[in-house]
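A.B. asks: As they're listed, the protein sequences go chains B and F.
Taken in order, the first sequence gives residues 641 to 833; the numbers are from my numbering.
Taken in order, the second sequence gives residues 1497 to 1690; the numbers are from my numbering.
Because the hints were derived from the structure by calculation, they are not lab data.
Treat the hints with care, since some could be wrong.
[To be verified] Now the stretches of chain B that chain F is said to cover, found in silico as 3 or more residues with beta-carbon under 8 Å:
| no. | region |
| --- | --- |
| 1 | 696-706 |
| 2 | 719-726 |
[Stated by the list, open to error] Derived DEER-like restraints, expressed as beta-carbon distance ranges:
| no. | chain 1 | residue 1 | chain 2 | residue 2 | range |
| --- | --- | --- | --- | --- | --- |
| 3 | F | Pro-1591 | B | Lys-734 | 38 to 46 Å |
| 4 | B | Ile-731 | F | Pro-1548 | 23 to 31 Å |
| 5 | B | Ile-789 | F | Ile-1656 | 37 to 45 Å |
| 6 | F | Thr-1613 | B | Met-805 | 50 to 58 Å |
Because the structure is a prediction, the values reported are computed rather than measured.
Yeah, the Cβ is synthetic: ideal placement off N, Cα and C, and Gly gets one too.
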Amino acid sequence: MKEFALILISTVLVNNFVLVKFLGLCPFMGVSKKLETATGMALATTFVLTLSSIASYLVNTYLLAPFELEYLRTITFILVIAAVVQVTEMIVHKTSPLLYQVLGIYLPLITTNCAVLGVALLNVQTEYNFLQSATYGFGAAVGFSMVLILFSAIRERLAASDVPMPFQGPAIALITAGLMSMAFMGFSGLVKG
Amino acid sequence: MLSAILVVGLLATIFGIVLGFSAVKFKVQGDPLVEKIDKLLPQTQCGQCGYPGCKPYAAAIANEAAEINQCPPGGEQTIQDLAALLNREIIPLNPENGAEKEKSVVIIDEETCIGCTLCIQACPIDAIVGAAKQMHTIIESECTGCDLCIPPCPVDCIIITPIKKDLTTWQWAKPTELGINNSDKQAQVATDDQ
């Protein structure tokens, strides 16, 4: 139990995928202009990240490893992620048309989120078992969601504040991201790994 | 090499089956009947039928929750079309929903308009342009003649004007099933009367 708590804290705070590992920066910058869309994106990514982490673990352990096909890992993981995203889209469309409308284009865009592939590959690299992989995927997703929502909230405030001319627009957003990243560096050393 | 092809092929097949299965299982069906009914309605979005717009009324007809005679702007023609589509009897327009009238548009008397924006909020198809304390105007080509903007106007500056037949609005009378157009038929009736 303690081990899973450690994995969770480690991925959410210490080794945050966006601010410490710098993965998944495109949705972080692209979808953070409005709190509402950021929340939708965070939800969808959480679902996909956890599922694809589990699915890619299964594929790696029971298909790739026995046949010594590790060199095909990246391409099969991309296949897995694309399939998971597609199924997710169908399920969301059927079960909750409202959420489907809110998420819109961001749902299929998760396929190209490098954090999703990153989690799958790091799972293999650190030789996590099934439950650990699931926790790791979920932790990464929670970390991503938290940072994305925090960042979008800051950007909503920034839109109304008096920013000096040369820093307006993406410049101040990048500076903000940098400051947040530095703040998250403060967590390092909290948990090993 | 062979095992690589087999494994990737197997994965692709599994995902193919899963995706194909979920495409059937989670298929989202837009009701095709609602679409068909919606196409026959005049799309004035006037709400005289008691539903918020033409699509909800179409859905209600499809569910048999509403009769086909509640659309005054569509009038007799729409009732006939709907009856043909749904195999129902042709019934006269329900007077509770209003009476069929000549096709019209509304025009804002721009001298009197005080720029209150109330009519803009009432317009179901956004055919009124204007801003607060600025004179408003109606895009006549967009106006469906639903007259919903008239009750909210505090200064009664919106005037109903029938669409005049000119080169841009005139069209041939619609042919009947026999291929004789309506004006011929009326002429026929007129001569029979004599």
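A.B. asks: Against each hint, give a clear statement of whether it holds in the structure.
C.D. replies: Hints, verified against the model:
Given as covered by chain F, the region 696-706 of chain B passes the check, having 3 residues with a CB less than 8 Å from a CB of that chain where 3 are the minimum. Here the region 719-726 of chain B counts 4 residues with a CB under 8 Å from a CB of chain F, which clears the bar of 3, and the coverage holds. With their beta carbons about 43 Å apart, Pro-1591/F and Lys-734/B fall inside the hinted range of 38 to 46 Å. Between Ile-731/B and Pro-1548/F the beta carbons are some 30 Å apart, a value that agrees with the proposed interval 23 to 31 Å.
A hinted range of 37 to 45 Å is violated for the C-beta pair Ile-789/B and Ile-1656/F, which are about 51 Å apart. Evaluation of the 50 to 58 Å hint for Thr-1613/F and Met-805/B yields a failure: the beta carbon distance comes to about 35 Å.
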